[in-house]
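Peer 1: Each chain, written out:
Protein chains: 2
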Amino acid sequence: MSLTGSAAIDVARSALVASRRLATLPNTARNDALTALHQALDKNRATILAANARDVEAATRDANNGNLNHSVLKRLDLSRPGKYDDMLEGILSVRGLDDPIGKVTLRTLLDEGLSLERVSCPIGVLLIIFEARPEVIANIAALAIKSGNAAILKGPFQLTETGGKESMESFVAIANVVSEAIAGSQVPVSSIQLVKTRDVVSSLLAQDSFIDLVIPRGSNELVRYVKENTKIPVLGHADGLCSAYIHSDANTKMAVKVIVDSKTDYPAACNSLESLLVHQDVLETILPEVAVALIDKGVSLRCDEASMAALASTLLSDQLSKVQPSTETDYDTEFLDLVLAVKTVPSTGDPASAVEAAMAHINVHSSKHTDIILTESRDLATLFMSGIDSAGVFWNASSRFADGMRFGFGTEVGISTNKIHSRGPVGLEGLTIYKYLVRGNGHGAGDYHEGQGGRQYLHTSLPIAE
Amino acid sequence: MSLTGSAAIDVARSALVASRRLATLPNTARNDALTALHQALDKNRATILAANARDVEAATRDANNGNLNHSVLKRLDLSRPGKYDDMLEGILSVRGLDDPIGKVTLRTLLDEGLSLERVSCPIGVLLIIFEARPEVIANIAALAIKSGNAAILKGPFQLTETGGKESMESFVAIANVVSEAIAGSQVPVSSIQLVKTRDVVSSLLAQDSFIDLVIPRGSNELVRYVKENTKIPVLGHADGLCSAYIHSDANTKMAVKVIVDSKTDYPAACNSLESLLVHQDVLETILPEVAVALIDKGVSLRCDEASMAALASTLLSDQLSKVQPSTETDYDTEFLDLVLAVKTVPSTGDPASAVEAAMAHINVHSSKHTDIILTESRDLATLFMSGIDSAGVFWNASSRFADGMRFGFGTEVGISTNKIHSRGPVGLEGLTIYKYLVRGNGHGAGDYHEGQGGRQYLHTSLPIAE
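Same order as they appear, the protein sequences are chains S and P. The numbers in the UniProt record's numbering rise by one with no breaks, and the one at position 194 of the first sequence is 194. The numbers in the UniProt record's numbering rise by one with no breaks, and the one at position 346 of the second sequence is 346.
Think of the hints as simulated: they come from the structure by calculation, not from any bench. Warning: the hint list may mix true and false statements.
Note that identical chains are pooled: a pair holds if it fits in a single copy or bridges any two copies.
[Stated by the list, open to error] Straight-line distance between alpha carbons at most 25 Å, and here's what the computed SDA-like set of lysine to any residue pairs gives:
1) K322 / V292
2) K83 / E450
3) K103 / T35
4) K103 / H421
5) K83 / A312
6) K196 / D249
7) K165 / Y84
8) K253 / R439
9) K231 / T333
10) K253 / Q456
11) K165 / S71
12) K253 / G113
13) K322 / E356
14) K322 / E89
15) K83 / Y457
16) K103 / T382
17) K322 / A312
18) K74 / R118
19) K196 / R54
20) K74 / I433
21) K227 / S209
22) K83 / G453
23) K103 / I433
24) K43 / P325
25) K253 / Y457
26) K103 / R224
27) K253 / A63
28) K231 / Y434
29) K253 / P267
30) K165 / Q456
Same shape as in the complex, but just chain S:
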């Protein structure tokens, strides 16, 4: 076995052992560890910022030489106003959340003295792989401890050979403080392990007997790489291809507002709009108003034939310079930029059939993240909301609301486009599963066999609250 292989097994195995101990700690002990983590990061602010400054200095040189993207530099800098305090505040806010562990979700009296309880518990061992932002360590460590899961943190990791190195000093400085803080708490030290070596990633992804869930935090490419290289369940989304459908009865003002916000509020986000479907009857009424508002915000449109013709007959020529014919691939492209694909939805006159046609397109082309309908009809909205197979289906509201903070979850582990376990913005609850507890008094199942004069199960639902 390779050195990295055996190192990965050691890390994963010790995480598993730690996770079992962590699972037995009460919320107070987990919260105390978060308090210690907060204090340690506060106390060591100068050391961490000094390490970060060295990263920033090197990264600035690289950026000026054109070897690094300026947006990476911006994300790296922990000395920007409020950033370090936000990181500290985030730990306290996770500490303040309800305990996600030990929640009873089912309680049944099976027979006299024999009870069944379904109770939430940690998943076990998480592997979190992240790309650059060093403050993610503190955030993820807090979420893992609060939810009673052990976490292996691999970062900074990027798919390019040299990627990630720009935040290495910050990463190591924060990691050391996190480890020290936990060592002084009841949370086992191996609950949070920080892995620096790059080679170890594929070995960690092979530890499906020790690791229960992988959470990649970063680019679509990172998520796709992880999904393709492990048998461990992956929580995340590789794509965020959100669509909106403007039905013939949509309110024009509402359509303009929702589409412009969905597309332009933050075009690089996964919950931004990438495809617009328009009912054929409103190509020359609602579409031009939406198009002009988008073009005013700098958006380019990629239109199919019918929508192109409608805009050609209604827009001014300088506006038309932002409109061009679409290709088929545009409807499968996550632009993450001020570009929007536009497609016409044909109609036979039956409103439901137009909605069906829009749904058929979206269910094939969207990435099951978030999709929108604009309509005044509650019935058609209900049809769309049940027929669209996405984590979020929104009626007359911007796709940009698809976010854990905006949903009121307090914090967000990520946004999932999985079809099982957790979907959409995932909060602490997504890091839990449940177990069934049965308490008896020496009960055997043989006493209940049918047709042998056996006992009958009561199966009485009991109140959830103790």
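Fit chain P to the known structure of chain S by using the hints.
Peer 2: Just chain P now, kept in the frame of chain S:
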């Protein structure tokens, strides 16, 4: 592309299309399809039993020639008293369950006129692979329709080249009736597709863009094969290695009752006991009584050195003939037979440390299915129940209670040892996921940006009931 590859894609794609339509049908329409299914199977009883009789006749010849296990023959025979009626009754009992779809589990007012709802919905497309029992088709079709999921049924399928053929006539006869019954309902015909050809299995397992969940129903080998040959999430368990720990304060009578029931009630079941851990202080008190009761039921014991010595000094010589030394692999073996591995748990005197030692063994060797503690101490039971990482953790009760019917779930899709989504006995709920519905009035997220005089989210919890 191979013929089976393109056939698999066709099947999977049409299942996906059907699943989207099925997801929009109300409970009444899904229940009507179950009524039609029940009537059709009742009406065609003679045809199906005739086909089954031909299977049984051929299988009887094979069994008499020693080419087929007699237990397979027994499972195959639909004419056994009550079996066909049970199959029919099962459809009505699924129909009578609460609608698992459309359940609201979270409702939040984000702002005036902007609401968030989390609502249960079907997962999408299920692939169910089963080995021999032909009546499983009716059961699974009913569960899939009730939960709004499309299902591709591949059966009878076995890993051996000729396996499964013994139930082919029964399978085809039931499959035809199921298809015809659905054709007369609102449920799309492609919602339940039955695949006979053997070759298509690996192609189906490759359709991870169309199929959301695979459920193998059959032997451990089948489950293991499926898990190793697909990227699609698999619901099931490859092993059922259940353990019990007898603590020093256990009630002897209770220990005897629970251990004997767990081991002997139905030794071939996945929820039967395979390993027994015994606190060192009760090797010569509780263990002999348990051992004698087990031996009386025909159980052989595989003991470590200390437990072997304790039994040698307390049992009669004819009883001792059923006791032999264990090897290390016995503690990782699912015997599925009247054999039990016994191991001593050393103690330093501190009760919690003995429980810790037992937990450390179980968390490594058990298959995360169901494990038991026998103790009079609530505190130690609580420690064990939080520290054991299994779907079921039972206190003074038999592992044989780990079952959907016994838990009062009405029906059971299977028992899962997964760490995410569904764990333990899985009912209809395990075939659902949720989506987030947002209803607005033209709301954009840009209006809520911080530090720009933006609007504040209300995040008011609303009552779940409408």
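Peer 1: Hints the structure violates: just list their numbers, smallest first.
Peer 2: Violated hints: 5, 6, 13, 14, 18, 20, 24, 26, 27 and 30; rest satisfied.
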